[in-house]
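Protein sequence lines correspond, in order, to chains A and B.
Residue numbers for the first sequence follow this note's numbering, so the first one is 81 and each next one is one higher.
Residue numbers for the second sequence follow this note's numbering, so the first one is 35 and each next one is one higher.
Keep in mind the hints are simulated off the structure, nothing from the lab.
Take these hints with a grain of salt, some might be off.
To be verified - Distance ranges between label pairs, derived from CB positions: (1) B:Ser130 <-> A:Leu229: 32 to 38 Å; (2) A:Thr160 <-> B:Cys112: 22 to 28 Å; (3) A:Thr351 <-> B:Asn156: 47 to 53 Å; (4) B:Gly135 <-> A:Ser198: 31 to 37 Å; (5) B:Gly81 <-> A:Gly448: 28 to 34 Å; (6) B:Gly81 <-> A:Glu219: 34 to 40 Å.
To be verified - Within a straight-line C-alpha distance of at most 25 Å, the following computed DMTMM-like cross-link-like pairs (lysine to aspartate or glutamate) qualify: (7) A:Lys131 <-> B:Glu149; (8) B:Lys201 <-> A:Asp227; (9) B:Lys122 <-> A:Asp188; (10) B:Lys201 <-> A:Asp188; (11) B:Lys122 <-> A:Asp126; (12) A:Lys131 <-> B:Asp159; (13) B:Lys201 <-> A:Asp157; (14) A:Lys131 <-> B:Asp114; (15) A:Lys441 <-> B:Glu141; (16) A:Lys131 <-> B:Asp108; (17) B:Lys201 <-> A:Asp129; (18) A:Lys131 <-> B:Glu181; (19) A:Lys138 <-> B:Glu149; (20) A:Lys138 <-> B:Asp159; (21) B:Lys201 <-> A:Asp107; (22) B:Lys201 <-> A:Asp445; (23) A:Lys138 <-> B:Glu141; (24) A:Lys441 <-> B:Glu181; (25) A:Lys131 <-> B:Asp119; (26) A:Lys104 <-> B:Glu149; (27) B:Lys201 <-> A:Asp355; (28) A:Lys104 <-> B:Glu67.
Glycine residues also receive a C-beta, built at the ideal position from the N, C-alpha and C atoms.
If you want the building blocks of each chain, they are given just below.
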Amino acid sequence: MSENHAPPDLTLKPLPNAALKSEKQGDVSFEITEAGNGDLRVAINDRMDHKTSAFLIKSLCPEIRRRSPKNLTLVLDHLTYFDDYGALVINELQQVLNQNKGAFKIDDPLRMTDNILSFVDLKDFERTGSSKPGDHWVEHIGQGALDYLKAIRTMVSFVGSVFLSFMHAAIHSKSLRFGDILVEMEKTGVNALPIVSLISFLLGLVMAFMSSLQLKQFGANIYVASLVALAMVSELGPIMTAIVVAGRSGSAFAAEIGTMKIYEEVDALSTMGFDPVLFLAVPRMIASMVVVPLLTIFSGVFGILGGLSVGVSMLDLTASSYLSQSLDILSLFEISWSLTKSIVFAAIISWVGCLRGFQAKGGADAVGNAATSAVVTSIFLIILSDSFFAILRSYLW
Amino acid sequence: MVGNPMAPEPIIRVTNFTARYGENIILKDISFEVSPGEVFIILGGSGCGKSTLLRHLIGLNRPFAGTIRVDGIDISSCGDNAFQDFLKNIGVLFQSSALIGAMTLGENIALPILEYTSLPQNAVDKMVRLKLHMVDLDGYENRLPSELSGGMKKRAGLARAIALNPKILFLDEPSAGLDPITSAEIDELVLHINRNMNTTIVIVTHDLDSIFRIGQRAIMLDKETRGIIAEGRPTDLKTNSSHPMVRKFFNSRPTAEPESFIPSSDHDI
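Bound-form chain A, shown alone:
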């Protein structure tokens, strides 16, 4: 405790003063005493480390600022531990004194601070940090615009390199990795089948139920079948399948290629003479463009089955009348239109996924951003292109 060891040079002072303030917390205690002529003595005992520095700064600095002494002596004769956090405390005290034009002295008979203060110059604390690049808002806007332009350029050039790689693969079919395509087909298609089927089934079920509430009033129960079949095959089937695949596989493409990019695996492929786009993007795109239409067919079938279950159980329709009504409404054009859309959606999903992967730069967060942006961009582009398909169809028909 600080009371046990009064300042050793007490007898030299004309007036032995009682402590103005003394406090203890954890492994440290301090005592401020008056030394005459507006001078102060601050004794710090025990440990000056990272645990005690905050307490010392917060309690000593305001005290000294308030008293603004002409001279301040820091007495460290009962110190047991001192490191650069202690140096930080000394620096903070010094700063307060400088503001008040006071002089500063350290009384350290045990030479506890020597080691650290020879290693850590107190002036090092005063170094100013470098300013953040682009701190000004004008710079931010400019940088943002440049980044945006660059992103568009990469997108366009990636369309080009994908196209070239496809041409190359078409001419040199040996350079295509069929094993990879099969693996990707399994991951993107087969593994997605349960979730796509379930979602479509439920969607068909809900749609049949909701439309029956209206159609029942006119005794037009049988048109529930037409509505569900048409909606599932031409619109909702392709869209739902595409969104599920974008969430499952588009993000996976981006994360996988992004990680490969960060760990220089993409560079390794380049130096071995492989075209990374041909090696990584083309198999994924081909696989997606094959399996997504198949998934869309499943989606349509399960949607109709969902509607059928409502029709049979709640609307007094027979299974055969429901199915024949469904088949009547579906033309070959309807089905091929739906498959065409799903092929385009598949191309968008895999293209965006691979693009975002190749754009990844930096560390772990870049992979996360790539996956997120792959899903968001592909869903946006899917809906956008679906609108184009709708407009196109209104002109065709």
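Chain B: place on chain A using the hints.
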């Protein structure tokens, strides 16, 4: 028992320690001690279990058998609170530096300071700048780790490891992937920390230059015996060891000793 009987109470004491992954026994029944303030080196060839041993010493893996006491805490069986205390006493520099990629260097170093102290923000900034100055990275606080070279990342990782002045600093292959000048600088830095902060240093390495430059005592692990095959001062190990593996390691000879695969220089040209 190993270690000098005159030495003070060891800061790390490993007793009959066995590590295994699944069915694979990596290290079997090893014991050693590290004294406070020592620069202690764990060396050995690739795959001998050096990194496994380090992972156990810093508490990432729990031992299969045996005990590890660090600064009086038995980390193989202690509770969560004691383990938290243990973590506050150690700093680790990982082989890949393991800086958080989404944060700037300044934020990386401020992370432990903000967590374990209640210093005001400007004092934290000062401390961050001081730590960066210690590792000679002045003015880099707003850079992202991905913008730095390997040596700079290592030094920044070191600055983060010493942010709270730990009692023990663990370094995993600090010179891996660095040029000799940079790795000598890192060694110099480690020695500074050891002398001025009185930090105990435990280094896993197979860099011979570094071993002789800063190592005070070393143990050598071996893949075959899954244990310690030599212990002592690095210079003693080099000159006095009778173990063939130790001699080969210090003379950089392959175990199989092929008959001059690479033509020696006098055959050239």
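Tested hints:
Taken as a hint, the range 32 to 38 Å holds for the pair serine 130 of chain B and leucine 229 of chain A, whose Cβ atoms sit roughly 34 Å apart. Taking the beta carbon of each, threonine 160 of chain A and cysteine 112 of chain B are about 26 Å apart, inside 22 to 28 Å as hinted. Here the CB-CB span from threonine 351 of chain A to asparagine 156 of chain B is close to 48 Å, well matched to the stated 47 to 53 Å. As the Cβ distance of glycine 135 of chain B to serine 198 of chain A is approximately 35 Å, the hint placing it in 31 to 37 Å holds.
Taken as a hint, the range 28 to 34 Å holds for the pair glycine 81 of chain B and glycine 448 of chain A, whose Cβ atoms sit roughly 33 Å apart. With their beta carbons about 50 Å apart, glycine 81 of chain B and glutamate 219 of chain A fall outside the hinted range of 34 to 40 Å. With a C-alpha separation of about 11 Å, the suggested pair lysine 131 of chain A and glutamate 149 of chain B falls inside the 25 Å cut-off, and the hint holds. Between lysine 201 of chain B and aspartate 227 of chain A the CA atoms are separated by roughly 46 Å; this puts the pair beyond 25 Å, and the hint is violated.
Of the supplied pair hints, the one linking lysine 122 of chain B and aspartate 188 of chain A is violated, its CA atoms being roughly 28 Å apart against a limit of 25 Å. For the given pair, lysine 201 of chain B sits about 23 Å from aspartate 188 of chain A by alpha-carbon distance, which is consistent with the 25 Å threshold. Proximity of lysine 122 of chain B to aspartate 126 of chain A is assessed by CA-CA distance (about 19 Å); at most 25 Å being required, the pair is judged to hold. About 17 Å separates the Cα atoms of lysine 131 of chain A and aspartate 159 of chain B, which keeps this hinted pair within 25 Å; it holds.
Pair hint lysine 201 of chain B plus aspartate 157 of chain A holds up; C-alpha atoms about 23 Å apart against a cutoff of 25 Å. Pair hint lysine 131 of chain A plus aspartate 114 of chain B holds up; C-alpha atoms about 20 Å apart against a cutoff of 25 Å. Using a Cα cut-off of 25 Å, the hinted pair lysine 441 of chain A and glutamate 141 of chain B holds, with the two alpha carbons roughly 20 Å apart. Between lysine 131 of chain A and aspartate 108 of chain B, the direct Cα distance comes to roughly 23 Å. Compliance with the 25 Å bound is thereby established for this hinted pair.
Straight-line distance between C-alpha atoms of lysine 201 of chain B and aspartate 129 of chain A comes to about 12 Å, which keeps the hinted pair within the 25 Å bound. Between the alpha carbons of lysine 131 of chain A and glutamate 181 of chain B the distance comes to roughly 33 Å, so the proposed pair goes past 25 Å and is violated. At roughly 17 Å between alpha-carbon atoms, lysine 138 of chain A and glutamate 149 of chain B fall within 25 Å of each other, so this suggested pair holds. Annotation: proposed proximity of lysine 138 of chain A to aspartate 159 of chain B holds, straight-line Cα distance about 16 Å (limit 25 Å).
For the given pair, lysine 201 of chain B sits about 17 Å from aspartate 107 of chain A by alpha-carbon distance, which is consistent with the 25 Å threshold. Taken as a hint, the lysine 201 of chain B and aspartate 445 of chain A pair is broken in the structure, with Cα atoms around 32 Å apart against an allowance of 25 Å. Restraint check for lysine 138 of chain A and glutamate 141 of chain B: satisfied, since their Cα atoms lie roughly 23 Å apart, inside the 25 Å limit. Proximity of lysine 441 of chain A to glutamate 181 of chain B is assessed by CA-CA distance (about 11 Å); at most 25 Å being required, the pair is judged to hold.
With a C-alpha separation of about 13 Å, the suggested pairing of lysine 131 of chain A with aspartate 119 of chain B holds against the 25 Å cut-off. Between lysine 104 of chain A and glutamate 149 of chain B the alpha-carbon distance is near 22 Å, which keeps this suggested pair within the 25 Å criterion. Simply put, lysine 201 of chain B and aspartate 355 of chain A have alpha-carbon atoms about 51 Å apart, too far for the 25 Å limit, and the pair is violated. The straight-line distance between the Cα atoms of lysine 104 of chain A and glutamate 67 of chain B is roughly 37 Å, outside the 25 Å bound, and the hint therefore fails.
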